[in-house]
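Asker: Residue-level listing of the chains:
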Amino acid sequence: MAAPFDYEDGPQHPASAAAYDPNYVPDSVKSFVSHLYRYIRDKNVYEIHQMYETSFQTLSDRHFKDTPWPSVDAVAPYVDNDHVFCLLYREMWFRHLYARLSPTLRQRIDSWDNYCSLFQVVLHGVVNMQLPNQWLWDMVDEFVYQFQSFCQYRAKMKTKTEQEIVLLRQFDQAWNVYGVLNFLQALVEKSTIIQILEQDKEGLEQFTATDGYDYNGGSNVLKVLGYFSMVGLLRVHCLLGDCHTGLKCLLPVDISQPGVYTCVIGSHITTIYHYGFANLMLRRYVEAIREFNKMLLYIYKTKQYHQKSAQYEQILKKNEQMYALLAISLSLCPQLSLVEETVNSQLREKYGEKMLRMQRYDDESDALYDELFSYACPKFITPSAPSYEEPLVNYNQEAYRLQLKLFLHEVKQQQLLSGVRTFLKVYSTISLGKLATYMEVDEPTLRTILMTFKHKTHAVGSDGKVISNADIDFYIDDDMIQVVESKTAKRYGDYFLRQIVKLEGVMTDLDRVKLE
Amino acid sequence: MGREQPQQEQEGEPASMAYAVEQLVAVNPYNPDILPDLEDYVNQQVASQTYSLDANLCLLRLYQFEPDRMSTQIVARILVKALMAMPAPDFSLCLFLISERVQMEEQFKTLIVLSHYLETARFRQFWDEAAKNRHILEVVPGFEQAIQAYAVHVLSLTYQKTPRSILAEAINIEGLSLEKFLEHQVANCGWILEKGQGNGQLIVLPYSEFNHPELKKSSADNVPLEHITRIFPILG
Numbered sequence: 001m002a003a004p005f006d007y008e009d010g011p012q013h014p015a016s017a018a019a020y021d022p023n024y025v026p027d028s029v030k031s032f033v034s035h036l037y038r039y040i041r042d043k044n045v046y047e048i049h050q051m052y053e054t055s056f057q058t059l060s061d062r063h064f065k066d067t068p069w070p071s072v073d074a075v076a077p078y079v080d081n082d083h084v085f086c087l088l089y090r091e092m093w094f095r096h097l098y099a100r101l102s103p104t105l106r107q108r109i110d111s112w113d114n115y116c117s118l119f120q121v122v123l124h125g126v127v128n129m130q131l132p133n134q135w136l137w138d139m140v141d142e143f144v145y146q147f148q149s150f151c152q153y154r155a156k157m158k159t160k161t162e163q164e165i166v167l168l169r170q171f172d173q174a175w176n177v178y179g180v181l182n183f184l185q186a187l188v189e190k191s192t193i194i195q196i197l198e199q200d201k202e203g204l205e206q207f208t209a210t211d212g213y214d215y216n217g218g219s220n221v222l223k224v225l226g227y228f229s230m231v232g233l234l235r236v237h238c239l240l241g242d243c244h245t246g247l248k249c250l251l252p253v254d255i256s257q258p259g260v261y262t263c264v265i266g267s268h269i270t271t272i273y274h275y276g277f278a279n280l281m282l283r284r285y286v287e288a289i290r291e292f293n294k295m296l297l298y299i300y301k302t303k304q305y306h307q308k309s310a311q312y313e314q315i316l317k318k319n320e321q322m323y324a325l326l327a328i329s330l331s332l333c334p335q336l337s338l339v340e341e342t343v344n345s346q347l348r349e350k351y352g353e354k355m356l357r358m359q360r361y362d363d364e365s366d367a368l369y370d371e372l373f374s375y376a377c378p379k380f381i382t383p384s385a386p387s388y389e390e391p392l393v394n395y396n397q398e399a400y401r402l403q404l405k406l407f408l409h410e411v412k413q414q415q416l417l418s419g420v421r422t423f424l425k426v427y428s429t430i431s432l433g434k435l436a437t438y439m440e441v442d443e444p445t446l447r448t449i450l451m452t453f454k455h456k457t458h459a460v461g462s463d464g465k466v467i468s469n470a471d472i473d474f475y476i477d478d479d480m481i482q483v484v485e486s487k488t489a490k491r492y493g494d495y496f497l498r499q500i501v502k503l504e505g506v507m508t509d510l511d512r513v514k515l516e
Numbered sequence: 001m002g003r004e005q006p007q008q009e010q011e012g013e014p015a016s017m018a019y020a021v022e023q024l025v026a027v028n029p030y031n032p033d034i035l036p037d038l039e040d041y042v043n044q045q046v047a048s049q050t051y052s053l054d055a056n057l058c059l060l061r062l063y064q065f066e067p068d069r070m071s072t073q074i075v076a077r078i079l080v081k082a083l084m085a086m087p088a089p090d091f092s093l094c095l096f097l098i099s100e101r102v103q104m105e106e107q108f109k110t111l112i113v114l115s116h117y118l119e120t121a122r123f124r125q126f127w128d129e130a131a132k133n134r135h136i137l138e139v140v141p142g143f144e145q146a147i148q149a150y151a152v153h154v155l156s157l158t159y160q161k162t163p164r165s166i167l168a169e170a171i172n173i174e175g176l177s178l179e180k181f182l183e184h185q186v187a188n189c190g191w192i193l194e195k196g197q198g199n200g201q202l203i204v205l206p207y208s209e210f211n212h213p214e215l216k217k218s219s220a221d222n223v224p225l226e227h228i229t230r231i232f233p234i235l236g
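Chains as they are written, first to last, in full-length UniProt numbering: chain E, 1 to 516; chain X, 1 to 236.
Hints are computed from structural coordinates only; laboratory data are not their basis.
On a predicted model such as this, the values are computed, not experimentally measured, just so you know.
Mixed in with the good hints there might be a few duds.
[As the list claims (entries may be wrong)] With a cut-off of at most 25 Å between alpha-carbon atoms, the simulated PhoX-like pairs for lysine-lysine come out as follows:
1. X/LYS195 / E/LYS434
2. X/LYS161 / E/LYS465
3. E/LYS248 / E/LYS294
4. X/LYS161 / E/LYS425
5. E/LYS156 / E/LYS379
6. E/LYS412 / E/LYS379
7. X/LYS109 / E/LYS405
[Unchecked claim] Some chain X residues well away from chain E (every beta-carbon gap over 12 Å; in silico):
8. HIS135
9. VAL140
10. ILE173
11. SER177
12. GLY190
[Claimed, not checked] Coverage of chain X stretches by chain E, computed from C-beta distances (three or more under 8 Å per stretch; other residues unrestricted):
13. 111 to 123
14. 155 to 162
Every residue gets a Cβ at the ideal spot worked out from N, C-alpha and C, and that includes glycine.
Pulled out of the complex, with its shape left as it was, chain X reads as follows:
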């Protein structure tokens, strides 16, 4: 059945617990006895809005070795945390370790659908589906913000200037909240607001090598020195 409730946090304990678990994962990961510690750690990650891929993969691995000890509740939390780590492929990495049978359960099917929408940048469908499944997602604080950060990341890869409506749909914020959000981004993240077509507003996203490809160095036709040495005798 797994853990029922996350344990009450004791003062000063969380950081040292995290350290202890990370040590276990680094030094003694193939050990069935650490399973309860890893489960506790998942709950701690949820409560304190931290994340550890290595520890979670270690736990999924132990579940793989001993399927009877698996807690689907914990697995669901790991998957939600992994979704929040996007654009990193952590969600897929976790799925590789979860048997097909388990993936057939309703809550996992839902999470897989949500992942699919995010992977294919279908943000509107994502937020619609997420709204229908609050009970799965609410358990993990910080979920919304994490997905919004991912949405901004993808927008920043793609756009130099994006219409406000596109942004709004991607991060699922409108009206006054959107104003506040934009203010914050302008003040802290180098965003600029411009006038767009008609009554619209354009958001100018920060420069990077991804939305400004000229900034990227091209090394396509570099020839390494060792290759040139082949013809030194000929060049005489």
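For reference, chain E alone in the conformation it holds in the complex:
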């Protein structure tokens, strides 16, 4: 989450050559790198975290608002030319560049090379550091982000110069989809994180309890990178349109419990956002609603603590996107009882009007589904390289258009269900003939509508079992529809609890008042 997701590659404007001197190293930076280097050698995770989170930001704001940091060659002398530190520094260097400036093609390729070197060092198991989870998450997150950014960039062929095309053809391995996926997969495998998590569950291994840190003198880097790579894989598969495989990659992480993924707010949000989105696309609406609800409530309660952090903007953006996805999910699967009151009131404020119109299922509602989906969906990519022959066209929207089209097709299939819902809410028994008349369709059509309702509200879980998402329960007996009263499920329990606590608060305050 270090770099903005919707970062558009505008016309190339790398730091103006005149203003930026890659060899100029301010004293504060000399101090920064040498301290950071020492803390890493000493495995002082707390200090590393302070420097990484705070000092780096402060120095960026003060000296490098719109230029890159000094080149790695310029700072190397202050850190004993340590190879691994330089790789880490370069990773931060590129991340800063992507966040504040527009990377050139050359820079994109160099960043890829740096990730290759860095990951290979880690995969060879020669790393002996302990790094803060925030940093390790940012590495994986940024890696996937730069891949996504590269695919978007490459797909805009119209404005490519001759030079760029030559470079693209020459360095076809850079940000190649196979490379990206295989690195993430390798990190997952080499770290044996899946086995570690299984053992952790049985209590045979300490991983979650230590937040992934290694208190036995070892390194947490490979393990935690492997862990976060599972989230990375979920994300890449969603970008490719393969939500099923994405969820499979996340399976070893138990999202019903806190875990290492909840240690870092960015990782928590990214995981749940993609998990929810994938379930929405797989028509497991209840699951999507449940998880969005939990996450949005959590953000509501805790976002004040992140106001100063560099990720605050991202947190807010993902928050808004999840509200949009929740609005979509609830319009397709009206089960308001699953939504916490606080979240519900926020949702009503943002999308109350729109949700009413979406549930009407007319042309207007189509446009609204389109709008919300387009706003909230991941930035889908086309992973294959373009043909570099003429004609050069922009195809960066192709992947998104396909996903949108298929999603709206699904919405359209559910169009007739809202009419049925309205009637079934009112009747406990009604004959097919009568309902057909009210709905102005013939009986055979009504039968298909009712069967469609059943089919669409009963998803198939990953284990092959049928799960009901239905808000209304009914069955047909020959030609009579019997509706089973579903409890209106007002959340009395929750409401009373809140009022009890409130009242207690008021009484305590009253006790404190001294009457003259």
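Once you have looked at the hints, place chain X on chain E.
Answerer: Just chain X, lined up with the frame of chain E:
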């Protein structure tokens, strides 16, 4: 162009081939070299009436990465297999990975129409359209039975008792074949035949929580224990 014919099966090979491919998909899925194995596996699934969503998605993904190597024949088979997996949403999952351009081809447009009819329970239209497109569907043995199983599934979600004619239309079986079918279901699946209105017959479908909603547990207003602990100090 892809594979022309499914390979001749060698004795004892199919099971071990399936295992080997599943291993590849689990351990080394992002590898362009396994593409031919995955294509072979699709043909094996067709021939032996087995199915593997993960392997097929893996192949569609590789096609996505290298569109030049795509075989539309194989893709069509994957889609037919996915249709047969209904009510699982496998067909949509596959479409998400197939470019719009490819989806415009005739055979895919037809398959999409067939999927649409099945998704919206329009069984009569489905069987009519299927009859017009036997050449696409015949290549995959077991297709009819799979769709009939899906039809029975949807009927079982919806009806406690359904008229015989509705069943007949949904599974596209009539006359003597229908009698045999009903006999089989009564003997093995707990179906009961009753007399219906007029000369009709009613099929009583087995009990489940879906067509007998009273059987479903309601957990709407459960309050978790952790929430109650908030007021323990107040309750004193």
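Asker: Determine which of the earlier numbered hints do not hold for this structure and return their numbers in increasing order.
Answerer: none
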